[in-house]
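Undergrad: Read off the chains here:
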Amino acid sequence: MSALIDIRDISVGFVGRDGRTREVLRNIDLAVAPGECVGLVGESGSGKSTLALAAMGYLKRGLRLLNGSAAFNGIDMFAQSRQELERIRGGQLALIPQNSGQSLTPTLRVGAQLGEALRLHSALPANRHAAKVVELLGHVRLPDPESIVQRFPHELSGGQQQRVAIAMALAGEPEALLLDEPTTGLDVTTQAHILELLRDIAAERGMAMVYVSHDLGAIARVCTRVVVMYAGEIVLEGSTRHVLRSPTHPYAQGLLASIPKLDDTTLPIALDGRPPAPGDAGAGCAFADRCALVQDRCRSTRPQLVPSEFGGTARCFFAKEAGRQQGRTIGAAPVRFSSGDTMLDLDGLSISYARPRLLEQLLGRGTDVPPTVDDISISIGKGETLGLVGESGSGKSTILKTIAGLLPPAGGTVTAGNQSLPHAVEQREPGQLRQIQLIFQNPDDSLNPRHTVADILEQPLKLYFGLTGDELRSRSAEILERVRLGAHYLDRLPSQLSGGEKQRVAIARAFAAGPEIVLCDEVTSALDVSVQAAVLDLLNELKETQGTTYIFVSHDLAVVRALSDRVAVLYQGRLCEIGQTDQVFEGKSHPYTKVLLGAVLEPDPDAAPTLAADDIVERAPPARGCPFQRRCPRRLGEICDTDTPPWQSPEAGHFIRCHILLEDLNADRPH
Amino acid sequence: MTEIAATPAENTRLQRTLGVLRDVTARPSGAIGLTLVAFHVILAIISPWIVPYDYKAMDSLSMLNGPSGAHWLGTDHLGRDVLTRVLLGGREALLVTGIATPVAVIWGGLLGIFFGLVGGRLDEVLMRVVDAFLSLPWILKMLVLIVTFGTGIEVLIPTLAFFYGIPVIRIARAATHDVVARDFVSAARARGHGRITVIRRELLPNVLDTLMVEGAMRWSWMLLAFSSLSFLGFGVSPPTPDWGLMIADARGFMSFAPWGVLGPVIALSSLIIGINLTADALAKALGIDRAQKAPV
Amino acid sequence: MLMRRLFLGAITVWIVSVIIFAGVEVLPGDACTAFLEREAQGKLLENCREAQGLNRSAAERYFDWASGAVRGDFGVSANGQKSISELVGNRLRNSLLLAFCALAIGVPLAIFLGVVTGLRRDKPVDLVFSTTAVFAMTIPEFVSATVLILVFSVWLGWLPGIVLTSAGAPVPEFFPEILLPVIVLGMVMTAHILRMVRSSVIEVMAGDYVQMAVLKGVPYWRIVFRHALPNALLPAINVVALTIAWLLGGVVVIEVVFNYPGLGRMMIDAISDRDLPVVQAIALIVATVYVGVNLTADIMTMVLNPRLRTHALRGS
Ligand SMILES: Nc1ncnc2c1ncn2[C@@H]1O[C@H](COP(=O)(O)OP(=O)(O)OP(=O)(O)O)[C@@H](O)[C@H]1O
Ligand code: SF4
Ligand code: SF4
Ligand SMILES: [Mg+2]
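Protein chains in written order, with the working numbering: chain A, 1 to 671; chain B, 672 to 967; chain C, 968 to 1283.
It is worth saying that the hints were derived from the structure and are not from the lab. Here the structure is a predicted model, which means the values were calculated and not measured. Ideal placement from N, C-alpha and C gives every residue a C-beta, glycine not left out. It cannot be assumed that every hint is accurate.
[What the hints assert, rightly or not] In silico contact screen, one side only, chain C against chain A (beta carbon under 10 Å); selected entries:
{"#": "1", "residue": "R1023"}
{"#": "2", "residue": "A1026"}
{"#": "3", "residue": "D1175"}
{"#": "4", "residue": "Y1176"}
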């Protein structure tokens, strides 16, 4: 069978500021057969997107083809005229981009954009286009396609935009689809739905797919073959089963070990170090600096891709040894202790973003919009870690901001230790401020780009402890040491740090205050998995040494499970369930928790998600009844719309808020 | 992953400033612009010592003479040496705008940052007042004050500084809003720093770039306003040499003595273009898109 | 949203009127002392104050003035001779004629050149026009006017260098005298708008959806016209409006240079004569035009930009 996509010995690079050519892709060979689905995994910057785009004969501005060719159907894409490329792209070979929200033209209606794709790439007569557009939208399972045609991209949710992008790619009846992180940034339930859709479409049309992702769970679901990339080269290639179950390359092993898994209660294992920057890989193996099996030979000679006896092809001199040391080492157990004293108590917290409109102000009325977050009562013990989960928009960050005093609540109280905290930061006393520290999701945003690491760390030290001069600097160095960064980082600017390093600085800044309570807002979601594992490890270690209380917010259930003592599940700003981690993950659960758990994608070729609820996005919580009423797969009826469900407790410390009787909330686990 | 700088010690403020300066001079527009500006500034300082004639000295025997060995740029309608007057003609303008520009940027900038940070009702009201001031043409605002209080530099400097500071409020406020939305400001607030510290440590360094570029643009517009006023007869009073005034005077004799116009035209244009080229290069070096802004 | 915008515009005009009125109040002297200058004493002053109604309280006078202005009646000039509305009428028409001609030529030209330079970024066309734009934009109007008169009128004798037509003459009589002023004003305007459009085009062409359109196989010119330009020109509308409004200040200088009988020259004369009622009237008119132009731009963007449109509909 001849290959549909045939990339041979391709190298792509850019000319750096120093005038040196730096390679982003190095001698890559990749062949995809018709109907085959290949996954491309690797960490950020490994060159996956560049490779996928190169298959279309496209390079981003600044990049240059240095060597090799990329053929589609036997045609060399880099040797074609513009007209020829325009015919193929979007026709036989289509791309589904990451973040469709920005890839759809904002001033054109969905119908017009799809119509354009049909006009350019289908043989259909023009009078049939309108009907075909509706058909395509229905095909990607968009509800009410007739009305979607009339909408502009910004009037759709992220999941809907992604579906439109898929429909657009299908318009040209492609033989091959390239997908660049098509589900990254979407909620778990939406992601699971989109993946199922893609699987079905691929199967039904016999299309080939190249699926680019950093998420091995998604890859496991849709691909039969996986290619692992590292620093611009392919390091391992094999069947999905081989790569996920018995990888023969040390990097792939490390990568797999760093992924937290839902059924695993230990912390994932970090992969120390970071990949070389483009052009800095040196003469030997690019992974040598981070490899546990490294030998002298690895540093001097570049290994070639060779088939290994365990199946698959690996770029490693010691693939055999790597293959033999299968059976992953066990990660550290998360520290669990709680003294039983309450450290932080939230009582009846309700938060509203809606400001009264002008008219309402004049009439002296408040808004009748239901508050974004309502009725949150949680108490957290000293040294305990509370995981807070929920989809995007469920109010996780809002709650943290209120605890930190950045967003005054509409009602309720926050008590830390045994002092009730004033609502606004400005009114809190220094001791109360020091006690609670917040770590943000995106370190690019939470570190001032103009401050050096020393400036950043000195701020809390000066403010809370009045340190000055040499003491300030030595203390900063000490704190930096604690997050495993050397003192030589002190004079760097954030732009001179990697993502993981930045987040460590942000963590160091929080711990410099010597806080009792640390609020972590999606602190690992901007990071690669291997870096995420290191940050989780660090947080765990700090908890052990400092006895800190955490609220750990994340949309990733596996991460929450790895670190938390207790878990609270939030939907539309309302608590659905709260309990010990094992109780929530393994005991009886709220219908929404069940939906979330079912949608999790595991890096396991045999796991399949269950899709219990639609992935519609709600803009505001319902005014009455159960917050989950509109999506609940087990809705009882009228009562769910009118009455707020009661708290029920299946076990001590485990609470579920639902009208379904406890005995009917059967614990048939999705896994 | 971005390139990691090999020499992380280069992070002091001075080094950054030098780095930006190097970037500016490395661009053709920056190199030409800075040269022109520097040339004019130096000339303004040393010109009283190098001019060939007394700028007031009239010579009724050689009025409106063309360029010659004695008068390189000819003479004007009163027989004064044009070269002398061109060399001296930018001093007043540079002095006035050189003081008024930083004053305008500082007061407008600080007010804008403060209100951008505080927000609320007061901010809404202030913005309406700013809008109202902006809706009046600059020439009207300036003239009313000048006609009432006179045309000395003690009137011109505060007037220019006041009116040209108003649009800066708006720019600084918008830049502040961009920065305030970022988490590092929330982080500083959550830590409990006072408002002044937040402004000084977190906001100022990030808004300063915008204000620098803004300052350069204000400077060129002020020069434009200043020379337009002189041209209209509301600026520098004769016999003090000033480019705008010289152009106005020489216009009447333009058909037979064009040198009287061309000298000051070239001098004034080269200074303003120099400032604008520098501003362009500075904006590019700092990563601010200057063209996206309207010249309010 | 729309209502809110209209409301804010009205508020701005109101604040302007207060500023104008208060400005004249706090400045030393009043309309009569200013106008009569040295003779401002005794009977003469009394009469003048009587005629201008200056003997009443400030609030009363503001109310009178403002309510008159709303009806289009600005009272009489300080010398007590003529109705300001009559004086201003033709002048306003002439200024608008000048601005309109400059816009009619400048805006299409600027958009065309802006798009061309944006698409051909860093190519020779771009360098030539972008550099020219910097020159055209920065050189003061009176300088470029002087140079153009020197070249086209004095040396070449192609166009009249000065306007001799009287203020009340019918529109056609302004041609060809109006051409040089139009060119000067149009040049500055074109330069500003060109730069704005260019940078907007560059930004949009580098955007995700344009890259995606390339990868969807959309032909180049279709990408430019269907996907890029509508998005690039939308934000330009507002900046164009602000630029136009700002340049109204520059019109004053141009009118003086060319002796053009517009509102700007009248304003300079009024200021020189210290005819405060006329100055107040002109200030209010110009400010209203400014607010109106910006308001129109906002409404246009709101109508043309689907994002804002949704927002506007939801908001109201
Ligand atoms: N236009 C460009 N000019 C120069 N370097 C680039 C350019 N685009 C990407 N790179 C570099 O090429 C490398 C590979 O980038 P690429 O986007 O293919 O990575 P990726 O694996 O898709 O990463 P991510 O998971 O973050 O999307 C990175 O080091 C990146 O910095
Ligand atoms: S070649 Fe050597 S350094 Fe590279 S992965 Fe294999 S063992 Fe590790
Ligand atoms: S209360 Fe009703 S709608 Fe809510 S989760 Fe339970 S069954 Fe579903
Ligand atoms: Mg990518």
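Undergrad: Would you mind marking each hint as holding or not holding in the structure?
TA: For each hint, the structure was consulted:
The beta carbon of R1023 of chain C is not positioned within 10 Å of any beta carbon in chain A (closest approach about 34 Å), and the interface hint is therefore violated. For A1026 of chain C, the suggested interface contact is broken, since its CB lies about 26 Å from the closest CB of chain A, more than 10 Å. The interface hint given for D1175 of chain C holds, since its Cβ lies 4 Å from the closest Cβ of chain A, which is under the 10 Å cut-off. A cut of 10 Å between beta carbons decides the hint on Y1176 of chain C: the least distance to chain A is about 5 Å, and the hint holds.
Hint check: violations occur at hints 1, 2; the rest are consistent with the structure.
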